[in-house]
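Kindly generate the complete structure, drawing on both the sequences and the hints.
Taken in order, these protein sequences are the chains called A and B. The first sequence begins at -7 in the numbering used here and counts up by one. The second sequence begins at 15 in the numbering used here and counts up by one.
A couple of the hints might just be wrong.
In silico lysine to any residue, SDA-like type, Cα no more than 25 Å apart, as pairs [claimed, not checked]:
| # | chain 1 | residue 1 | chain 2 | residue 2 |
| --- | --- | --- | --- | --- |
| 1 | B | K51 | B | S95 |
| 2 | B | K82 | A | S92 |
| 3 | B | K51 | A | A71 |
| 4 | B | K110 | A | G8 |
| 5 | B | K51 | B | Q22 |
| 6 | B | K110 | A | R91 |
| 7 | B | K110 | A | A71 |
| 8 | B | K110 | A | D65 |
| 9 | B | K51 | A | V80 |
| 10 | B | K110 | A | A61 |
| 11 | A | K49 | A | A(-1) |
| 12 | B | K51 | A | R36 |
| 13 | B | K110 | A | H94 |
| 14 | B | K73 | A | S92 |
| 15 | B | K82 | A | P0 |
Estimated spans, in silico, between C-beta atoms of each pair [what the hints assert, rightly or not]:
| # | chain 1 | residue 1 | chain 2 | residue 2 | range |
| --- | --- | --- | --- | --- | --- |
| 16 | A | A71 | B | A108 | 23 to 29 Å |
| 17 | A | S57 | B | Y88 | 38 to 44 Å |
| 18 | A | A61 | B | Y88 | 41 to 47 Å |
| 19 | A | S2 | B | V57 | 19 to 25 Å |
| 20 | B | N122 | A | S72 | 42 to 48 Å |
| 21 | B | L26 | A | T43 | 38 to 44 Å |
| 22 | A | G8 | B | Y88 | 45 to 51 Å |
| 23 | A | G8 | B | V33 | 42 to 48 Å |
| 24 | A | T1 | B | K73 | 30 to 36 Å |
| 25 | B | A23 | A | D18 | 33 to 39 Å |
Since the hints were derived computationally from the structure, they do not count as laboratory data. In this text the structure is predicted, and so the values were computed from the model without any measurement. Note that the Cβ used here is the ideal one computed from N, Cα and C, for glycine as well.
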Amino acid sequence: IAGITQAPTSQILAAGRRMTLRCTQDMRHNAMYWYRQDLGLGLRLIHYSNTAGTTGKGEVPDGYSVSRANTDDFPLTLASAVPSQTSVYFCASSDSWGRSLHFGNGTRLTVT
Amino acid sequence: QQPVQSPQAVILREGEDAVINCSSSKALYSVHWYRQKHGEAPVFLMILLKGGEQKGHDKISASFNEKKQQSSLYLTASQLSYSGTYFCGTYQGAQKLVFGQGTRLTINP
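Written as structure tokens, this is what we have:
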């Protein structure tokens, strides 16, 4: 593993189903983030974590939950997926000073 | 609240210059700039801190005016490789980095 790994790469999901997007980093960064990207709306922050054990809400947190049990992993869960959650999801991490974000390659999620 | 970028899209010929602006209604302490090529993840370009500093990265430079709550990204003598979508980002609280809606830059030969 080098950098940030997201899984799966893409997923088609039936509405109402539960889904967890995985994110793992090996850079020992304290801060991690989840963004969704939709055409014309840019990158919107869903949730973030300053350090293991803490999380915070971003711009569009409704319908999503996160956990940060350790430094490396930051999974994003959709408890009951809806079509409006169709998007590309990016996980990112940064050092404590937030000088630059390193992004994973994204997960393309389609909710039908 | 998202920072606002302008223009939303730019089409240039190779060798021409471009300016992308980013403004915020909230006080700015730093501004990040990222570039995202089609189908790829965003990549960090530079960060500007308080003090009106300018930075350069090859032929891409940026300025930051915290009094006006604005930053501008300058692309000089654009190359085909500069094509992509550019995002500015600002912190809305600790570790809460929020991005603008992006500016799509197309460079034609």
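Going through the hints against the structure:
1. B/K51 with B/S95: holds (9 Å)
2. B/K82 with A/S92: Holds, at roughly 23 Å.
3. B/K51 with A/A71: violated (31 Å)
4. B/K110 with A/G8: The hint is violated at about 29 Å.
5. B/K51 with B/Q22: holds (16 Å)
6. B/K110 with A/R91: holds (12 Å)
7. B/K110 with A/A71: Since the Cα atoms of B/K110 and A/A71 sit roughly 23 Å apart, the hinted pair holds (cutoff 25 Å).
8. B/K110 with A/D65: holds (18 Å)
9. B/K51 with A/V80: holds (14 Å)
10. B/K110 with A/A61: holds (19 Å)
11. A/K49 with A/A(-1): Cα-Cα ~22 Å, so holds.
12. B/K51 with A/R36: holds (18 Å)
13. B/K110 with A/H94: Holds, because 15 Å separates the two Cα atoms, which is no more than 25 Å.
14. B/K73 with A/S92: holds (20 Å)
15. B/K82 with A/P0: violated (42 Å)
16. A/A71 with B/A108: 23 to 29 Å: holds (27 Å)
17. A/S57 with B/Y88: 38 to 44 Å: holds (41 Å)
18. A/A61 with B/Y88: 41 to 47 Å: Roughly 43 Å apart at Cβ, these two residues keep to the hinted range, so it holds.
19. A/S2 with B/V57: 19 to 25 Å: Holds - the Cβ-Cβ distance for A/S2 and B/V57, about 21 Å, lies within 19 to 25 Å.
20. B/N122 with A/S72: 42 to 48 Å: Holds, since B/N122 and A/S72 (Cβ atoms, about 45 Å apart) stay within the stated range.
21. B/L26 with A/T43: 38 to 44 Å: Taking Cβ atoms as reference, B/L26 and A/T43 lie about 42 Å apart, which means the hint holds.
22. A/G8 with B/Y88: 45 to 51 Å: Given a distance of about 48 Å, which is inside 45 to 51 Å, the answer is holds.
23. A/G8 with B/V33: 42 to 48 Å: Since the Cβ atoms of A/G8 and B/V33 sit about 47 Å apart, the hinted range of 42 to 48 Å holds.
24. A/T1 with B/K73: 30 to 36 Å: Holds: the Cβ-Cβ distance is about 34 Å, inside 30 to 36 Å.
25. B/A23 with A/D18: 33 to 39 Å: holds (36 Å)
The structure fails hints 3, 4 and 15 (numbered hints given earlier, in ascending order).
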